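In the numbering used here, the protein residues as written are 1 to 130.
Keep in mind that the hints were calculated from the coordinates and are not lab data. Take the hints with a grain of salt, since some may be wrong.
Said to hold, decoys possible - Taking lysine to any residue pairs in the SDA-like style, the calculated list, with each CA pair at most 25 Å apart, reads:
hint	residue 1	residue 2
1	K77	V21
2	K77	A10
3	K77	Y88
4	K56	F109
5	K77	L34
6	K77	D28
7	K77	I25
8	K77	L101
9	K77	H24
10	K77	T116
11	K55	L101
12	K56	L122
13	K55	L34
14	K77	D2
15	K56	A87
16	K55	K77
17	K77	Y108
18	K77	F120
19	K56	R7
20	K77	A87
21	K56	L34
22	K55	V79
23	K56	N3
24	K56	I113
In this text, all values refer to a predicted model and were calculated from it rather than measured experimentally.
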Amino acid sequence: MDNFYFRLIALFCAVNGIGIVFSHILEDLGIDDLAGAAGNLLLALMTALTYHLSKKAIHHPSHHRFFRTIYLSTFLKMVIYVGAMVAYVLTRATHFTRNTLILLLILYFIYSILETWTLFRLARSASGRQ
1 MDNFYFRLIA LFCAVNGIGI VFSHILEDLG IDDLAGAAGN LLLALMTALT YHLSKKAIHH
61 PSHHRFFRTI YLSTFLKMVI YVGAMVAYVL TRATHFTRNT LILLLILYFI YSILETWTLF
121 RLARSASGRQ
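Kindly generate the complete structure, drawing on both the sequences and the hints.
In structure tokens:
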């Protein structure tokens, strides 16, 4: 198994652990812990899927396929993320909080940074071997 998946699982567990330990603080800030945990799971699964697709595209001889895959994965993550935010707002119309959306946006950036950093290192090592 790739080191990325271990880091992804560690990040997922760390975010859930922080959410559990500091749940009283998150509640005081008005952050919905269930939405945070569900968003964390969704982001982790999306990141694993897009990393898998991008990793396969890095080793493909056509550079066009790599760029198409990166654009597709970014677009896919953004559409699913926006859809999940809209679903959260519509299902929790009376109890929805802006702080929960901000937390999910921060998690989106953290997962994206992890994926981009790992793919950048992988692409550099793949181009060095050729």
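The hints, checked one at a time:
1. K77 to V21: violated, 28 Å
2. K77 to A10: OK: K77 and A10 at ~20 Å, within 25 Å.
3. K77 to Y88: holds, 16 Å
4. K56 to F109: It holds: about 23 Å lies between the C-alpha atoms, which stays within 25 Å.
5. K77 to L34: Measuring from Cα to Cα gives roughly 20 Å; hence the hint holds.
6. K77 to D28: Measuring from Cα to Cα gives roughly 30 Å; hence the hint is violated.
7. K77 to I25: It is violated: about 29 Å lies between the C-alpha atoms, which goes past 25 Å.
8. K77 to L101: holds, 16 Å
9. K77 to H24: Violated. K77 to H24 sits at ~30 Å, over the 25 Å cutoff.
10. K77 to T116: holds, 13 Å
11. K55 to L101: violated, 29 Å
12. K56 to L122: holds, 11 Å
13. K55 to L34: violated, 31 Å
14. K77 to D2: holds, 21 Å
15. K56 to A87: Roughly 31 Å between the alpha carbons, so the hint for K56 and A87 is violated.
16. K55 to K77: Judged against 25 Å, a Cα distance of about 16 Å means the pair holds.
17. K77 to Y108: holds, 9 Å
18. K77 to F120: Given that 25 Å is the threshold and the Cα spacing comes to 18 Å, the pair holds.
19. K56 to R7: holds, 19 Å
20. K77 to A87: holds, 15 Å
21. K56 to L34: The given pair, whose Cα atoms are some 33 Å apart, is violated under the 25 Å limit.
22. K55 to V79: OK: K55 and V79 at ~21 Å, within 25 Å.
23. K56 to N3: holds, 15 Å
24. K56 to I113: holds, 19 Å
When each numbered hint is compared with the structure, violations occur for hints 1, 6, 7, 9, 11, 13, 15 and 21.
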